[in-house]
Each structure stands twice: as structure tokens, then as C-alpha cells.
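Go by the hints and put chain D onto chain C.
Chains as they are written, first to last, in our numbering: chain C, 1 to 470; chain D, 471 to 787.
Just so you know, not all the hints are guaranteed correct.
Going by beta-carbon spacing under 10 Å, a handful of chain C positions derived as facing chain D [stated by the list, open to error]:
#	residue
1	Val240
2	Leu242
3	Thr260
Which chain C residues stay away from chain D? Per the calculated CB distances, all over 12 Å, these [stated by the list, open to error]:
#	residue
4	Val14
5	Ala19
6	Arg46
7	Ala94
8	Phe152
9	Thr220
10	Gly222
11	Pro223
12	Phe322
13	Gly417
14	Arg434
15	Glu470
Derived DEER-like restraints, expressed as beta-carbon distance ranges [unchecked claim]:
#	chain 1	residue 1	chain 2	residue 2	range
16	C	Arg46	D	Pro595	49 to 59 Å
17	C	Ala419	D	Ala530	54 to 64 Å
18	D	Pro552	C	Gly22	53 to 63 Å
To be clear, the hints were calculated from the coordinates, so they are not data collected in a lab. Think of the CB as a built atom: it goes at the ideal place given N, C-alpha and C, for glycine as much as any other residue.
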Amino acid sequence: MPVHFNEMYDGGYVRPPYARLGDWTESMPAELRHLKQAEAEALFRRIGITFAVYGEGGDPDRLIPFDMFPRVFTQAEWRRMDRGIKQRARALNAFLADVYDRAEIVKAGRIPAHLVWRNEAYEPAVAGIRPPRGVYSHIVGIDIVRTGPEDFYVLEDNCRTPSGVSYMLENREIMMRLFPGLFRENRIEPVDGYPEALRRTLASVAPQKCDGEPEIVILTPGPLNSAYYEHSFLADLMGVELVEGQDLFVEGEHVWARTTRGPRRVDVIYRRVDDAFIDPLCFRPESMLGVAGLMDVYRSGGVTIASAPGAGVADDKAVYVFVPEMIRFYLGEEPILQNVPTWQCGKRDELKYVLDHLPELVVKEVHGSGGYGMLVGPASTAEQIARFRERLVSDPGNYIAQPTLSLSTCPTFVEDGVAPRHVDLRPYCLVGERIELVPGGLTRVALTEGSLVVNSSQGGGVKDTWVLAE
Amino acid sequence: MLSRTAENLYWIARYMERAEKTARLLEVGARIALMPGGVDGYRNEWDALLRASGTAEGFAEKYGDAVQRNIESFLFFDTDNPSSIAACVGKARENGRVVRTALTTQVWDALNTAFQELKALQRTPRSEVPLSHMVDWTLRHCAQVRGAIEATQLRNDNWDFLHLGYFLERGDNTARLLDVKYFVLLPRIDFVGSGLDNYQWATLLRALSAHRAFHWAYGGDVTAHKIAHFLILNPQCPRSLRTCAQGMSDHLDRLARGYQRSTPVQSHARTLLGELAEMTVEDVFEEGLHEFLTRYIGEVGRIGQLVGEVYLSGDVR
Chain C
1 MPVHFNEMYD GGYVRPPYAR LGDWTESMPA ELRHLKQAEA EALFRRIGIT
51 FAVYGEGGDP DRLIPFDMFP RVFTQAEWRR MDRGIKQRAR ALNAFLADVY
101 DRAEIVKAGR IPAHLVWRNE AYEPAVAGIR PPRGVYSHIV GIDIVRTGPE
151 DFYVLEDNCR TPSGVSYMLE NREIMMRLFP GLFRENRIEP VDGYPEALRR
201 TLASVAPQKC DGEPEIVILT PGPLNSAYYE HSFLADLMGV ELVEGQDLFV
251 EGEHVWARTT RGPRRVDVIY RRVDDAFIDP LCFRPESMLG VAGLMDVYRS
301 GGVTIASAPG AGVADDKAVY VFVPEMIRFY LGEEPILQNV PTWQCGKRDE
351 LKYVLDHLPE LVVKEVHGSG GYGMLVGPAS TAEQIARFRE RLVSDPGNYI
401 AQPTLSLSTC PTFVEDGVAP RHVDLRPYCL VGERIELVPG GLTRVALTEG
451 SLVVNSSQGG GVKDTWVLAE
Chain D
471 MLSRTAENLY WIARYMERAE KTARLLEVGA RIALMPGGVD GYRNEWDALL
521 RASGTAEGFA EKYGDAVQRN IESFLFFDTD NPSSIAACVG KARENGRVVR
571 TALTTQVWDA LNTAFQELKA LQRTPRSEVP LSHMVDWTLR HCAQVRGAIE
621 ATQLRNDNWD FLHLGYFLER GDNTARLLDV KYFVLLPRID FVGSGLDNYQ
671 WATLLRALSA HRAFHWAYGG DVTAHKIAHF LILNPQCPRS LRTCAQGMSD
721 HLDRLARGYQ RSTPVQSHAR TLLGELAEMT VEDVFEEGLH EFLTRYIGEV
771 GRIGQLVGEV YLSGDVR
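Extracted from the complex, chain C is given alone in its bound form:
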């Protein structure tokens, strides 16, 4: 068994940021804890925060389990992450602006051409278009794991439409309601500025043809989408309309919303609909979720789409390997946050290593997300490994492999008390006129003992994430 870094207990001592939480748990009898847990669940239900899981069927109103034990970072730890995340978000956007323009990085031989041009997420339809301020990915979700006191790794980048930020906000609201005392004793940086920062960011990338205050909307696939709650939550907090494809239409040089007063011009669309569905004339013709003609307006500078179509080419797991190169190439800096060592199964010698070491590796699909279609070697049976091996051999270019990281753990409430469980972190970096990051993020926790899969679609839970003020 590898030794996992426990973020609270360091060889019997309580690490300073968690100092006050020891007393807090000890002074809380089991009955009170169950009462608070029930109260938290009732609050989530009443607010209506739910999460539907694809492929499971059943209850579309399932709750993501909320764990009341907070995860805590010191100001110094956060400062380093803050710099590293912003650096990465800047480099990813520079890469996108480059590959849809002159592709200098490819010409310089710093990233293999096929990873860009033959990437499914590369969108020829937007080549040559420069979006406002050159920003492609306006909301960058960077998943970070920790393996030691000073060891932070980026697990993956999400440049399209990272979800979960509503949990970051609601987890905090609920903790403040349940345990106001904790917030008096600890000086915790607030996260509730996020919606306003997001609105500011979107307004700062209004299109050329917009004069005056830009009209911002959030485009959702609709109430059946698993993240619908989040879409409506953000629209509400930002004070913008939440629209579906059917509410928008293109006429002349602009996109319009159907309102009770007649058509209303739309300038910035924060879309939570995938590229393939946003315009049936340009992408999938059968899509009912998009707006016919949207891409024409986009190309002529009549509307901003956030994130820009084609942004996904930067968050591909095969491209991920080259993000440190991007940072060096575009920014002339050394990466502050490290990548996890990664084997590209498309390379013959690396594939051989992966096949020889499957039981100890994590293997992921290049385009997959949400914890689907992956193999966690140490947690799999010989039979599961054998089956995965067949898939891997038949299409090696579709997979990458990483060592099974010994993810840090954070104390978590379990049936009979408190026990360590593995966690990761997703902060949400906003890129517009400025780059902004609220101090915090979404901590996901693998609730099953020993499990390393934190995805909510795979039974993970969430925690409030604190950054302590100086």
C-alpha cells in the first residue's frame, strides 16, 4: 500500500490550516452530525440542486452527496496554485489563437501536427477568425491533484464548458448556514464574487458590432440536461436570460431572442451546448439544440460565443502532454504547476510499456470525460484488465496512460465517524479582458474507501473548499 498524503494529519500532527477543525469534529456528537447532514440534504433538495447521471436512467433529481468536512488551503498554497492556473489558462488560449491562425507552434515542431489537424475537436470552420480579445476559452476548469505538501499536478484541462461551479457556490452557502461558528473562527476567503466576475468577463468580450451594454445570455440544452440546475443558477445570479436554441434566431447580421416584446438582439452567448450542436447549418444538421445560421453571425463579428467553437482542441488528453511546451513557447516561462507523467499509447515504445504495466496504471480515452471509459489498474480485476487491453490494442492512439497517483486524502464524514478519502480540485479561471480566479474551487471526493475516482457521475461527492486569508 502506498502512503497517501493526508492533508489534515501529518505524522500524528494536525497541519496548521486544519488546526481548528479537529476540535470542531470532536465536539460534534454523532446525533448532531446526522441532524446537520439531514439538514444539508433537505436544503439541497429544496434549492433543487440535483444532478442527473447519463446512462443510469432513474431519478433525474439525484443529489450529489455533500460532505460537510471542508477542505482547506493556506494562503501560500493558494497563491502558488493561483499563479500556476492563470499561467496555464493564458498559455491554452495562446495555443488556441495560434492553431486557428498561423500555427507557429506546429511549424516550430513543438507539437506534432497530427495532434492538431487530425484532432476531432479541431474546428476548420473557425480557422482565420479572431474572436474578441483573442480569447477562445473564457472559462477554464483545471483539475488539480495533490500528492504531497508541495506536490500539485494538473490532471486535465477543461477548455469547453467545465461544469460544477454552482456546487462551489452552494456548498459554501450551505456550510455558512449550517456552521456559522466555523466562519467566525476561521478567516475564509469568499467565493461569492464568481457570478459577477463571470458577467464582467463575458461583457468584456462583446463583439465588434455591439454598441452599448452587451446583452448576454446563457444557452442551455434544456431542463433534461444534467447540469440544467447550474445553467439556471448562473443565469439568475448574473441577471441574464437563460435561453434554449428555440428561443434564438438569426436575421440579418445578428442573433435575436424571441421575447414577449418582440425580437431582442443578443451579443454574447455563454453556451453550455457542445460545438457539434450549436448550429445545424454548420455542424450536425439534425441538432435541435442550436441556432441555424449562428456561425455565420459569429464569423462576421456579430456575436461572441463563449467558449469559442473549436476550443476543445486544447483540452484533449493527447494535447495535454504538450501544455508545458505551450507555456515555454508562448510565455517564455517555466510551468508553475506540473503535468502528471503521461504515456501516449499512440507511440509504439510507450504503448509497450503501458501494456506491460497495465495493473499499476490509469488508462484514459483521449476524448473521454466524466470518468467514463477509463481503467484504474490497481482497482480492476484481471478480467477487466484483459478486456480493456483488447480495446487498447485495437486503437492505441485513442488512449493515454498515467501512473496511479497517490492522491492526497482529506478527512471525510463516513458512517461511523471521520476517515480519510481521496480528493481532487477544480478551480474555475475566467479569461476576458483580465484573467480572474476566485479563491476556491470545487473539491470532489471519492466516497468509497480506497477509490480514486472522484467523478460525480461515478458516485463521487463534493466538499466546500476553503482558502484561508493571511
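Quick look at chain D alone, frame taken from chain C:
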């Protein structure tokens, strides 16, 4: 406001009002079940109530004979019945979920709490859910939603679309209930002597939550004339056709003022209101009660359709 948002708001109100109507039908049915009288009479009453909710055929198809327990299931729990309380509360909440941003926290909370409690009720053994509980539960939650709307929603166009839904649905419900029982109000039955008639009329008033209000408003003998006046023309009665027409007209006027655009639907509602304000009960009976009600239901339907064309389609420039 997005046209789709207006549509969702409008349907939240319609479904909640419909749930309330169904609950009142159940209450009336429960009273009938406690009355002495032949099995046939009881069955006829239930049939009339099912017809009033427009679901008699759906019921017969699924359950056959009108057995009380089945009727309760059908009107309360059965989501195959689009007018059942479970279906209405579910759809109201679903419409609310879609337009969360247009509702205050309290209104959403009221809708969502009703839905969550309903799910708990659905898991409870039927023997532990008496009919009176179903009725009280529904009326309470409908009142909570309406109260939250009154107390917390901004008086903007959201508010108008919610109320348009309420008044349209309510006017339609009153007219349909009256229509099902119109024969007991025909003028040839001038005086109500027999126990059966008395209780038929009481049933009608109860079904419209107007039993006590009626006596406060009129006093003296119960006559067909008075009942028809109360439920059709009296502006004091909260469910009368006149009150509902007034409500529709008021909210359409507010919308037209707010949007600075008069619309055909506004003039349509005004015409209907003008007619009801001028009419006497004699006029109604002269036209024929059934004919009058049929025409009214058609008018309300037309207003609903025009609201759709003018405000909910998003196509009108």
C-alpha cells in the same frame, strides 16, 4: 422577457389551478359518498364530476366502473390522467424548474416542496392517506404557491402571465362545472324542495368553494336564479365567469400598457367582460344556459389562443 418564459409561467398557474379544481372535485365526491342514497345516484354524481374534469372516458377505459377508491387513485395519483393532482403538481413544478430565474425563491420553494411531499405521499401506503388528507394537502399547497406569488413576485410582466394562467383556467373550470350540472339550474325547477335537488345544488356550490359565500352574498331561499347569478355574473364571487373575465382583461391591459402596444387579445377580453357586465340572468337563460356556457368556453379558449399568438410565439413584431 423570453416568450418561452412567459409560456412556462402561464402554465405553472394553469396547472396549479387545475390541481385545485381536481381536489375540490374529490372533496365533493367524498361528501356524496357519505350521503344516504342509492348506489346509482352516487355513481351518477361521480360520473358528472369526471365529466366536469374532462376525464370520464380516460377513467372508464382504465378502470371501468366508478369505484370510489379507483376514482381517488385516478384523480390524485394517476399520472396517466393529465388532470390528476400528481400530474398537475409535477407539470407545474417542471415548468417552474425551467424558469427558476423568473420565480422568487419562495415561489420555487412552494412548488418544489409540493412536489417533494407528493413523492413521499406516493410512497406511503394508500391506507394511510385518507381522502380528506389528499384534499387538504392539495388545497394547502395551491394556496402556498398562490400566496408566495402574491407576496413576493415583482408586479412586472411575470406576474401578469402567471395571473393570466390562473384566470383563464379558473374561468374555464367554472364554466365546465356549470355546464355539467346545467340541467339542475334550468328555470323550470323554480323552487328547490326535494332533498335531492338541495344537495345537487350544494354539490355544485361546494365544487366551486362557494357554498358559504353564497349564503353570505344572498341569504334567503336558494334559487336557480340566484345560483346562476352568483357563479356567472356576480363580480364578488372569486370564481364567477365575470370575475375571471375581469382578471384576464386587467392583466392583458397591464401587459399592453407595459409593452406600449395594444393587441387583439386585449380587445377580445374587453369585449367579453363588457358583455358579462351588461348581462342579466334572464339574458343567460334566454340564450340557453348550455349554449351560453359553450360560447363562453369557446371565448376563453380563443383568448388563450390569442395570448399564445401575441405573446408566447415571439413572432409578433
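Quick rundown of the hints versus the structure:
Because the beta carbon of Val240/C sits about 9 Å from the nearest beta carbon in chain D, less than 10 Å, this interface hint is met. This hint holds: Leu242/C has a C-beta 6 Å from the nearest C-beta of chain D, less than the 10 Å allowed. Hint status for Thr260/C: holds, given a least beta-carbon distance of 5 Å to chain D, under 10 Å. Distance check for Val14/C against chain D: the nearest CB is about 39 Å away, which clears 12 Å, and the non-interface claim stands.
Chain D leaves Ala19/C outside its interface by the beta-carbon criterion, the shortest separation being 36 Å against a cut-off of 12 Å. Once the 12 Å rule is applied to beta carbons, Arg46/C is inconsistent with being away from chain D; the minimum gap is 6 Å. Annotated as non-interface, Ala94/C keeps its C-beta farther than 12 Å from every C-beta of chain D; the closest such distance is 35 Å. Look at Phe152/C: its CB is around 36 Å from the nearest CB on chain D, clear of 12 Å, so calling it non-interface holds up.
Separation of Thr220/C from chain D is inadequate, the least Cβ-Cβ distance of about 10 Å not exceeding the 12 Å criterion. Distance check on Gly222/C: its Cβ comes as close as 8 Å (rounded) to a Cβ of chain D, failing to clear the 12 Å threshold; non-interface status is violated. For Pro223/C, the shortest C-beta to C-beta distance to chain D comes to about 5 Å, within the 12 Å cut-off, and the non-interface label is violated. Taking the minimum C-beta to C-beta distance to chain D, about 40 Å, the non-interface status of Phe322/C holds against the 12 Å cut.
Against chain D, the non-interface label of Gly417/C holds: every CB pair exceeds 12 Å, the least being about 30 Å. Separation of Arg434/C from chain D is adequate, the least Cβ-Cβ distance of about 27 Å exceeding the 12 Å criterion. For Glu470/C, the condition that its CB be more than 12 Å from all CB atoms of chain D holds, with the nearest at approximately 35 Å. Checked against the given bound of 49 to 59 Å, the beta carbons of Arg46/C and Pro595/D, roughly 26 Å apart, lie outside it.
Separated by about 59 Å at the C-beta atoms, Ala419/C and Ala530/D satisfy the suggested range of 54 to 64 Å. Between Pro552/D and Gly22/C the CB atoms are about 57 Å apart, so this pair conforms to the stated range of 53 to 63 Å.
In this structure, the earlier hints numbered 6, 9, 10, 11, 16 are contradicted, and the remaining ones agree with it.
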